[in-house]
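Engineer: Letter by letter, the chains look like this.
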Amino acid sequence: MIQQLIFAVLTIVAGWFAFSNFFKIRRNILLGRELEENEEASGNWKNVFLIAFGQKKMFKRFVPAVLHLFIYVAFLFTQIELIEIFIDGITGKHRIFASALSPFYGFLISFIEILSVLAFVATVIFLWRRNLLKVPRLVKSEMNGWPTLDGNLILIGEILLLLGIFTMNGTDVLLQKLDPSHFPSTGNLAVSSFLGPFLFDGLDVGTLKILERTGWWLHFITILGFLNYLPFSKHLHIFLAFPNVYYSKEQRGAMENMPQIMNEVKSMMGLIEEETPMTEELPEFGAKDVNGLSWKNILEAYTCTECGRCTSACPANITGKKLSPRKVMMDVRDRAEEVGKELDKGVALEEIIKDTSLFDRITEEELFACTACNACVEECPVMINPLDVILQMRRYKILTEAGGPSEWLPMFTSIENSGSVWQVSDARDAWTKE
Amino acid sequence: MSKVKTIAEMKAEGKSPEVFFWVGCAGSFDARAQRVTKALVKILDSVGIDYAILGSEESCTGDPARRAGNEFVFQMTALQNIETLNMYEVKKMITACPHCFNTIKNDYPALGGNYEIQHHTQFINALIAEGKLKIDGGGFEGKKITYHDSCYLGRVNDEYIAPRKVMEALDIDLIELKRSKKNGLCCGAGGAQMFKEDEPGNTRINEKRMDEIIATGADIVAANCPFCITMLGDGAKAKESDVMVYDISELIVQSNNL
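Each protein sequence line maps, in turn, to chains A and B.
FYI, the numbering for the first sequence is 1 to 434, going by the numbering used here.
FYI, the numbering for the second sequence is 1 to 258, going by the numbering used here.
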């Protein structure tokens, strides 16, 4: 009874904390502006199935894809055990599916156990890749400090989960023989039927029961811990990858149109009747801060799991420039978090964005190193588009601040005055007369 | 090269071109890219297609301005082009520049410009497939040839096959670059980088790409974009390499002795 009470209180408190933090993330995402007409994606279930659920784009890099798949599939199937733990926690009925799914139960749990072993192997390899092998994209400068710790904490958390599961199942196998009335038979388990006796043989019923509950609680508390850790971690991709892929556009070539400028130019050219209302303030074009970006851009920033595939394919980054598309996305998230925290303190948005902006984090040197080659867009396994953020911030620099590289000015003037990217004296069709 | 007609001249004769050739700034003014323009003209002549250009009525599509962030300049030049193209009732277009290609194909519809545009490698590939363009083949025996995918034909518009099919028709035994197709490395010109110096770094992007090309042992690198051709040419010079950079249309002109 006391266990059920603790279980219920813990679940409710942890659930409430997690919920309130997820709600803040939702608010931060909605700081972004609405999508323009040609930015909207119709909502793509096929991609949700293939790319988010099916991990299609992960398989561009086979080895990490397979290792990631082990952890991902193990995570999906372990939910069956989580449901059992939940029912046990509330009703006190141990392993409810053991009788309900009787002939298949052993097979099901065995399947989860094999996946868990694979996930364990993958986790260890991932720790090795991050900390010993130091895969270049995982140790770039933007990963210093919290992002590196974050990555390791998640992997350690995964090991705790597995430790919990195997302690719980291993002791259970022995307890089924010693106390069959409370521990229904699971049938032979692929891993625990061997690992259990190997580790716990000879222990008395009391100790085994304590160990079983320890494993059980460890697994459950780690889950609650993860749930509350997610809002602060890159690991949020386990949820957000799905909506992010759903709302992602596949079309790459078009930049978001700016109807306000289009209409002004049209009226300048006499193509439409002038109807632009006079405004007191100078209009702001492009993105200076998170509220200038779209909500989709911010959703992408929260979806990013900092794998760095984008950066490792970026021609600017490869040749030693400061630009890293991953850092751009991390900066957007950090800025959204910063703005969110200020809002929590009761500061008005106008006040927050008055003296600070996204440009405190992302420099012109980074923005103007981009070749718009779309390699980062192609690389992202969850359809994040760092280029879109870069181009919107360029628009702010050029249109609102009249800044940007001075070398571009002759090109702009030349297009405007002579319709060519170069200032040339020849006629455009001079080549036909040679 | 026979006389190149502008669409105005052709309309004055009461004729309509089968296809409209968008030349672009590079193709019109850059000495190296003019050779590609002329190569394409020779191919069009050899199959006897009625085509026309805009001539002095053509302006920059606005791609570098838009991707630099200057939407005003983009809108000005783009809307002007759309006005002109719509006035001449242009429907089907080809171009030898993947940046013009992309902007007309993907950026112009939102501004009211809807055209059917093909990159010249797609157009040439179709001509070969329909049997209109006969390739003599040969001329490249013993030559090691690799191919550089441009970002705006490849990754952005997903066209990897047409240029490769054309090279296959030329009997070229292609050596693929390690980074190719979806994973192709940019030449360094996109996003208006063509018009500015690289930001500080270890190497220039075009030199990095040329290193990768040299590593294949190729004598020739085929390309499909005037900006790539400039960048890779400069890369070869910087690396003191003998690798020749050609547009795919130039390889056809060589092979067919046009």
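Just so you know, the hints here were simulated from the structure itself, not pulled from any lab data.
Do not rely on the hints blindly, as some may be mistaken.
[As the list claims (entries may be wrong)] If you want the ones that stay clear, here's a sample from chain A, every Cβ over 10 Å from chain B, calculated:
(1) Phe62
(2) Leu67
(3) Asp179
(4) Ser181
(5) Phe198
(6) Asn257
(7) Ile318
(8) Thr319
(9) Phe368
(10) Tyr396
(11) Leu399
(12) Gly404
(13) Phe412
(14) Val424
[Stated by the list, open to error] Okay, the calculated bits of chain A under chain B, using three or more residues with CB under 8 Å as the criterion:
(15) 150–162
(16) 320–332
Built from N, CA and C at the ideal position, the CB exists for glycine as well.
Engineer: All hints are to be evaluated individually against the structure, with a verdict given for each.
Structural biologist: Hint check:
1. Phe62: holds, 14 Å
2. Leu67: Since the minimum Cβ distance to chain B is about 21 Å, Leu67 of chain A lies beyond 10 Å and the statement holds.
3. Asp179: Consistent with the label, Asp179 of chain A stays out of reach of chain B, its closest Cβ about 58 Å off (over 10 Å).
4. Ser181: Ser181 of chain A clear of chain B: closest Cβ-Cβ about 60 Å, beyond 10 Å.
5. Phe198: holds, 46 Å
6. Asn257: violated, 4 Å
7. Ile318: violated, 6 Å
8. Thr319: Given that some Cβ of chain B is not farther than 10 Å from that of Thr319 of chain A, nearest at about 5 Å, it is violated.
9. Phe368: violated, 6 Å
10. Tyr396: Tyr396 of chain A is in fact no farther than 10 Å from some Cβ atom of chain B, at 8 Å.
11. Leu399: violated, 6 Å
12. Gly404: Incorrect as stated: the minimum Cβ-Cβ distance to chain B is 7 Å, not above 10 Å.
13. Phe412: violated, 5 Å
14. Val424: Non-interface label fails for Val424 of chain A: nearest chain B Cβ at 5 Å, not farther than 10 Å.
15. 150–162: violated (count 0)
16. 320–332: This one holds; 4 residues, not fewer than the three required, reach chain B with a Cβ under 8 Å.
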